[in-house]
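If you read the sequences in order, they're chains A and B.
Residue numbers for the first sequence follow numbering that gives the first Met the number 0, beginning at 0 and rising by one.
Residue numbers for the second sequence follow numbering that gives the first Met the number 0, beginning at 0 and rising by one.
For the record, the hints were derived by calculation from the structure and aren't laboratory data.
Be a bit skeptical, because a hint or two may be false.
[Said to hold, decoys possible] Per the computed footprint, the stretches of chain A lying under chain B, defined by three or more beta-carbons under 8 Å from a beta-carbon of chain B, are:
| # | stretch |
| --- | --- |
| 1 | 58-67 |
| 2 | 95-103 |
[Claimed, not checked] Among chain A residues calculated to face chain B with C-beta under 7 Å, some are:
| # | residue |
| --- | --- |
| 3 | Ile11 |
| 4 | Leu29 |
| 5 | Glu91 |
| 6 | Asn92 |
As the structure is a computational prediction, the values presented were derived from the model and not from experiment.
By construction, the Cβ of each residue, glycine as well, lies at the ideal position given by its N, Cα and C atoms.
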Amino acid sequence: MYSFSSLAEFAILRDSIKRELVQTCEEDALRLFIAINEGVNNAIFHGNKEDNTKKVQIIIERSPEDVQIIIRDEGDGFVNAKKTADMELWDENGRGLELIGLYVDSCWWNTKGNEITLVKKINPAYCKPFRTCTSL
Amino acid sequence: MEITTNISEKEVIVTLAGSMYVEDAAVLREKLMGFIESGYKQFVIKLHNVDYIDSSGLGVLVAIQKKVLPKEGHVTLTGAKGVVKELFELTRLNKVFTMQA
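Chain A extracted, bound-state conformation:
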């Protein structure tokens, strides 16, 4: 599990997260990282509203079938959490949800809207056999 309170702290952790994703499933690592990075940006800026007394947590779990990633913040909940990303081409903001939707197979929020779960199915042709993630 990764836990941090600010963008600066997350920046330090990015390489470790990438390494874990490569170890978990190299073929999908970069695309999973793209989804995680967008989810974390939302958690820091829209969830915790850059309040450094609040934490963001990332949990990465691998099963034989998929990689499941939970990103949780301590904010009041994302008001548009249930809305599917619907970007206009010329919008400057809000493209993070679109990218998450493009790079994982499914995602959903908890009822409060402060926790998103991302799921990426594993292609056994590309990924190593299932093993427990050592960082958990």
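Knowing the structure of chain A, use the given hints to seat chain B on it.
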């Protein structure tokens, strides 16, 4: 991320290298808006050595394009490859910019 800017004729050449995260996008926005305020409206942004750009970076590029188009300016992106090229294609932003190899 490294951000290098040069002026060639009336064109601003921006060379980017590395990964563009939200903190880098803020720096890029400030630099490019400064050029626009100084009267520049033609931008060439070199992405050859960019391995990742997040949604905030994409948003900054859209913002610059929206600023310069009414002034008959333009943002041209060159050298996008791999996942960076894929990001522009999947988000359809390849229709917003002129993209060159």
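Comparing the hints with the structure gives:
1. 58-67: violated (count 0)
2. 95-103: holds (count 4)
3. Ile11: violated (12 Å)
4. Leu29: Nearest chain B Cβ about 6 Å off; hint holds.
5. Glu91: holds (4 Å)
6. Asn92: Nearest chain B Cβ about 6 Å off; hint holds.
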